[in-house]
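Engineer: Note that the protein sequences, when read in sequence, are chains R and L.
Taking my numbering, the leading residue of the first sequence gets 1, the next gets one more, and so forth.
Taking my numbering, the leading residue of the second sequence gets 446, the next gets one more, and so forth.
Worth flagging that the hints you see were computed from the coordinates, not collected in a lab.
Among the clues, some could well be false.
Here are the simulated DSSO-like pairs of lysine-lysine, each with C-alpha atoms no more than 27 Å apart in a straight line [to be verified]:
{"no.": "1", "chain 1": "L", "residue 1": "K473", "chain 2": "R", "residue 2": "K319"}
{"no.": "2", "chain 1": "L", "residue 1": "K553", "chain 2": "R", "residue 2": "K319"}
{"no.": "3", "chain 1": "R", "residue 1": "K144", "chain 2": "R", "residue 2": "K130"}
{"no.": "4", "chain 1": "L", "residue 1": "K618", "chain 2": "L", "residue 2": "K497"}
{"no.": "5", "chain 1": "R", "residue 1": "K133", "chain 2": "R", "residue 2": "K144"}
{"no.": "6", "chain 1": "L", "residue 1": "K625", "chain 2": "L", "residue 2": "K722"}
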Amino acid sequence: MKRLLKGGHVVDPTQGIDGASDVLLDGDRVVAVGRDLAVDSGVEVIEIPDGLIVCPGFVDMHVHLRDPGQEHKETIASGTAAAAAGGFTAVACMPNTQPVNDSAAVTRSIVERAALLGVVRVYPIGAVSKGMKGESLSEIADLKGAGCVAVSDDGRPVASALLMRRALEYAGMFGIPVIDHCEEPTLKGEGVAHEGFVASMLGLRGIPAAAESIMVERDLALAEMTGTPVHLAHLSTRQSLRAMDAAKSRGLKATCEVTPHHFTLTDERLTGPTSYDTNLKMNPPLRERADVDAVLQGLRAGTVDVIATDHAPHQQDEKAVEFDRAPFGIIGLETAVPLALDRLVHRGVITFRRLVQLMSVNPSRILNLPGGSLRPGRLADVTIIAPSAAIVIDVTRSKSLSRNSPFDGWTLRGAVAATIVGGRTVFVNGEIAGLAALRAAGERG
Amino acid sequence: MSPETTPTTTGAPQADDSPIPTSRLRRKDLVGIAELTAEEISLILDTAVAMKEISSRPIKKVPALRGKTVVNLFFEASTRTRTSFEIAEKRLSADTLNIAASTSSVVKGETLADTVHNIEAMSPDLLVVRHSSSGACHFLSRICRAGVINAGDGMHEHPTQALLDAFTIRERKQRIAGLKVAICGDLLHSRVLRSNVLLLTKMGADVWLCGPPTLMPVGFERTGAHMTSSIDEAVEGADAVMMLRIQLERMLGGFFPTLREYFNVFGMTPERVRRAKPDVLVMHPGPMNRGVEISSELADGPSSVILDQVANGVAVRMAILYLLAGGAEHEAAA
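Pulled out of the complex, with its shape left as it was, chain R reads as follows:
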């Protein structure tokens, strides 16, 4: 079945395309991209309304699907439905499930269930160490063979420098990156909020910026020694970004991501309008203004490679407790694109083209995924954006099983119009006009 996405504005940095163009899909592949492509008989033509932008499918390389083990928070089905609604055609899911994804058996079970229940593509990330205990390496060859695209002990930093060295060397042999959650555990201690004036006044135990940047510096030093790729998750401090910038200048194979909440919010938010809101508790914590400015500068200058959500679902009753007892983390799949458009593109921090690099091209390249491009022959994974549509975030309408977002009620400019995975329309935004043909195509499969 051939489908022509006709008349949209295509942005694909991998082909240098940023303008009016058609995209011809055949089954699960892209077959042609260009202006005014000829319409053969048997091609279904789907007109893309004016003002919408057609991009290679967005990839969220940092998601917690909670499945297996914590299906009350999220499942592969609900998490991937949220991903589709958020414009993501693929997600990489972190291994802190129950049981931990530290064996081929768990990886295979995730891959099989995702094939059955997933709305978008699911790429598992295996654990660096057995049980994520930071003691001995998991069977990384096995994990890769079963489908893991990276290894990480996310949520738990790899505390031992020796184990991190071994992980980098060993995973490097298979060409998959080690993703580290950078945090020096003794400095973090019992901290629950960024160490600074706000936490001091609120009486919250602090997580100093140095707890992150010390580990960033360590990981970069180890990556320099081993010459293998390291990817640093959710960087949040100016010191971390400075270290990353210096590492890139000297040619290291190091990449990093930032989250929408770290480029949008500061720790001042903890003082109100809802003080001690547990939906503002995440790790790394919301930092201060100068850190948010450094994150924005990193996005602008190229120090930052990827925007990832760190989507971390928790049930409402788990969050409706004292601040220091609440779990860390917020959901983010459905708010990432609106926040990136509103806070970054419309405010002139980055171009739309750079956004596509940050959310599609780069995460695909770092994880060696088949997506991230609309070149002929590549996967028919497409994200269609309505950059000027004003939307109001309403968590009660989230596809996620959880509601832990600090952005509920926010009005933002920029929305996902539709999401296509392998040629199949998996999400159409009912609030965007002119998408009836796409919706009908989705219903036909």
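Once you've looked at the hints, dock chain L against the given chain R.
Structural biologist: This is chain L only, laid out in the frame that chain R set:
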């Protein structure tokens, strides 16, 4: 929390024949000094003057809160503060109930919200809450119909302590503005410190904070308080010096090497206090560690107002209870 911050005069009939002011706090809760204006703080202190008189009567009771139910809900051990609130409630004729929840319900798996909703089902008017988590009272004030009085939340605030400290200073010095107040000890973990810094800077005092850098909250100079690790600099010319309790566990946590060394460097002694004004007030919120943050000679000496603080605590808490819950017209206005 109520957005209104100004006290209002309602012209209410006076309770009994005492000279109790007829103003009210136009708010449901007292969760912190941060939320109070200087005018509200003055109203509480003025009201406490009248309340203190009640405690000197042979019959120490007025009917101001008759028919009101106050639940003292303590999730953390307390003797002084709980007793002080209970006496204050009884002197205002409130029906009081003490619940030492400690962690028992938490151990059984009940959440704080469920515990408090269960208590609230029995229609209390006020909840006096102490909890080991910072922000617990803010959280409860949002989910409770009853007013919430913060009796200490984690490392955050202990507003009634700061108010009784201010009352004690004002009683002796007739003012707060322009006084130099030195606060020394474990600044990092102290809720008394945070409430006192907020209150004293709002009322125009010159606040000096002293302790080892390991026990100083990051960024606190933004409050307008001076930070120093020199006890002599902090005490120099002070009108009041307030010591904060040093807990043994802080030594075990590596914040300083030994209690002995702490006392040698930071302990308040008569010699050190000589740098202060001759009529300096020596204060401590209790419980004291004699020989750690304060010498016995000083604690029991003529400058000490430590027991006055305890006595004034009852008056200040009576004032707060009255201003939040007293009188039917309050409910009409709220």
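Engineer: Sort out which numbered hints this structure fails and list those numbers smallest first.
Structural biologist: Structure breaks no hint.
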